[in-house]
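Asker: The listed protein sequences correspond, in order, to chains P and B. According to my numbering, the first sequence is numbered sequentially starting from 1. According to my numbering, the second sequence is numbered sequentially starting from 1.
Because the hints were derived from the structure by calculation, they are not lab data. Since this is a predicted model, take the numbers as computed values, not measurements. For each residue, glycine too, the CB sits at the ideal point set by N, CA and C. Any given hint might turn out to be false.
Derived, one-sided and incomplete: chain B residues facing chain P with beta-carbon distance under 8 Å [as the list claims (entries may be wrong)]:
| id | residue |
| --- | --- |
| 1 | Ala113 |
| 2 | Val115 |
| 3 | Ala116 |
| 4 | Arg122 |
| 5 | Ala125 |
| 6 | Leu128 |
| 7 | Tyr132 |
| 8 | Pro154 |
| 9 | Thr156 |
| 10 | Ser166 |
| 11 | Ala167 |
| 12 | Pro168 |
| 13 | Tyr171 |
| 14 | Ala175 |
| 15 | Ala191 |
| 16 | Val200 |
Here are a few chain P residues that sit away from chain B, every Cβ distance over 10 Å (derived from the structure) [claimed, not checked]:
| id | residue |
| --- | --- |
| 17 | Arg81 |
| 18 | Ala113 |
| 19 | Gly150 |
| 20 | Arg163 |
| 21 | Arg187 |
Number of protein chains: 2
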Amino acid sequence: MDAVDGEPGTVRPGGRTARVRESVLRAAGDALVEQGFDGLDLADVARRAEVGKTTVYRRWSTTAGLVADLLTDMAEQSEPRSDTGSLDEDLRANARLVVRTLTDARQGPLFAAVVAAANCDRRTAEALHRFYAVRIEEWAGCVDAAAGRGELPPGTDAREVIRAVSAPLYYRLLASGDPLDETVADRAAAAAAVAARAGVYVS
Amino acid sequence: MDAVDGEPGTVRPGGRTARVRESVLRAAGDALVEQGFDGLDLADVARRAEVGKTTVYRRWSTTAGLVADLLTDMAEQSEPRSDTGSLDEDLRANARLVVRTLTDARQGPLFAAVVAAANCDRRTAEALHRFYAVRIEEWAGCVDAAAGRGELPPGTDAREVIRAVSAPLYYRLLASGDPLDETVADRAAAAAAVAARAGVYVS
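Okay, chain P solo, but in the shape it has when bound (with noise of 0.2 Å):
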């Protein structure tokens, strides 16, 4: 039996199925940024990773879940959070930390499409939503250690102040096209931790 049939569960990491997927998510990620959703094909997406179409249809079945499994893979493979000891530079961190991967030649037009991707499809959406839910909360982390030291007011929504950071630069990317820069990362950071000390995001 191929292991590409196992459960996710049962995928051994580093084993064969791991090495497939690995290929394949990368072969979706470059046919993405290179042809958009609407251009996305499994067939295409098997030649690029050199693996066998069957293969490909039958763990992925459709463009659309093979994205959900791309977003999936960006979660588990993003950076953990900082732990400085201190708010600001954690919050400085993690904008930093969006900013170089917006502007990566790679990953900024991948995350273009794949938000693109989710305006065409539900379960898409869905998946993005879980990437972003994932990543949050894992940077909430900063914001209730901080909270812990008595850095912030009682009862911050960490997640809000969180979403705070990440907001301004999104918005340059994907509505306004203003320049994203580590300026724009600091300063994003800095008026978040503001309105946070002031309780702006006190639930």
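Since chain P is already given, all that's left is putting chain B on it; use the hints.
Answerer: Chain B alone, transformed into the frame defined by chain P:
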């Protein structure tokens, strides 16, 4: 000579040209909401608008040209900024207007569709960025007025404050999928006002 051939400056408001443009842009918006940018077709738009196909091809040439004109029209149609004499109230009015727009049954999907379209097409992206530049400039007047009243530190970047109000709202619509409501709007406005007073947006 068909009035449709006239230069933009020669269009009489309320005349035949204006009525044709209004019908075609409304049909283009409907088609975008229903089918997305990739499903947009000039002949289909002409049929929906009950306007001759030749007129549509002659005036707009391409779907990208049509979406660019739709965005120009959206910028022209949008409401003028508020002027309450209070920065907090003006920013709250701005945030609530954005939430009303993005949660509107037609406007919300339309914005998501044009953002997705901008990812596929450079000309559409330029038109989208111009749309936001116009809206940001309009509302920046509230911030400049507040600075004039001494409510904000000198050198505050008014446009950056307005971007900060909109950003958390677009982030929810386009990325995280978290709900949009008046509470979220008021929090976005309060955060921008607090950060602006603290000098975060001094450039």
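Asker: Now, for every hint given, state plainly whether the structure supports it.
Answerer: Against the structure, the hints:
1. This hint holds: Ala113/B has a C-beta 6 Å from the nearest C-beta of chain P, less than the 8 Å allowed.
2. Look at Val115/B: its Cβ gets to within about 6 Å of chain P, closer than 8 Å, so that hint holds up.
3. Using the Cβ-Cβ criterion of 8 Å, the hint placing Ala116/B at the interface with chain P is satisfied: the shortest such distance is roughly 4 Å.
4. Because the closest C-beta pair between Arg122/B and chain P is about 11 Å apart, greater than 8 Å, the hint is violated.
5. Satisfaction of the interface hint for Ala125/B is found here, the shortest Cβ-Cβ separation to chain P being roughly 7 Å, below the 8 Å cut-off.
6. Hint on Leu128/B holds. Least Cβ distance to chain P is approximately 7 Å, under the 8 Å limit.
7. Taken as an interface hint, Tyr132/B checks out: its beta carbon lies about 4 Å from the nearest beta carbon of chain P, inside 8 Å.
8. For Pro154/B, the shortest C-beta to C-beta distance to chain P is roughly 17 Å, which exceeds 8 Å, and the interface hint is violated.
9. The interface hint given for Thr156/B is broken, as the beta carbon of that residue sits about 12 Å from the closest beta carbon of chain P, more than 8 Å.
10. This hint holds: Ser166/B has a C-beta 6 Å from the nearest C-beta of chain P, less than the 8 Å allowed.
11. For Ala167/B, the suggested interface contact is upheld, since its CB lies about 4 Å from the closest CB of chain P, less than 8 Å.
12. For Pro168/B, the interface hint holds, the least distance from its beta-carbon to any beta-carbon of chain P being 4 Å, beneath 8 Å.
13. For Tyr171/B, the shortest C-beta to C-beta distance to chain P is roughly 4 Å, which falls under 8 Å, so the interface hint holds.
14. With its C-beta approaching chain P no nearer than about 5 Å, Ala175/B sits inside the 8 Å limit, and its interface hint holds.
15. A hinted interface residue such as Ala191/B counts as satisfied when its beta carbon comes closer than 8 Å to some beta carbon of chain P; here the least separation is about 4 Å, so the hint holds.
16. The restraint placing Val200/B at the interface with chain P holds, with a minimum CB-CB distance near 5 Å, inside the 8 Å limit.
17. With a least beta-carbon separation of about 17 Å from chain B, Arg81/P lies farther than 10 Å from that chain, consistent with its non-interface assignment.
18. A beta-carbon of chain B comes within 10 Å of the beta-carbon of Ala113/P; the shortest separation is about 6 Å.
19. Here Gly150/P stays apart from chain B, with its beta-carbon at least about 20 Å from theirs, past the 10 Å limit.
20. The Cβ of Arg163/P does not lie farther than 10 Å from every Cβ of chain B; its closest approach is about 6 Å, which violates its non-interface assignment.
21. Arg187/P, annotated as away from the interface, has a beta carbon of chain B within 10 Å; the closest lies near 6 Å.
Violation of the numbered hints given earlier is confined to hints 4, 8, 9, 18, 20, 21; the remaining hints are satisfied by the structure.
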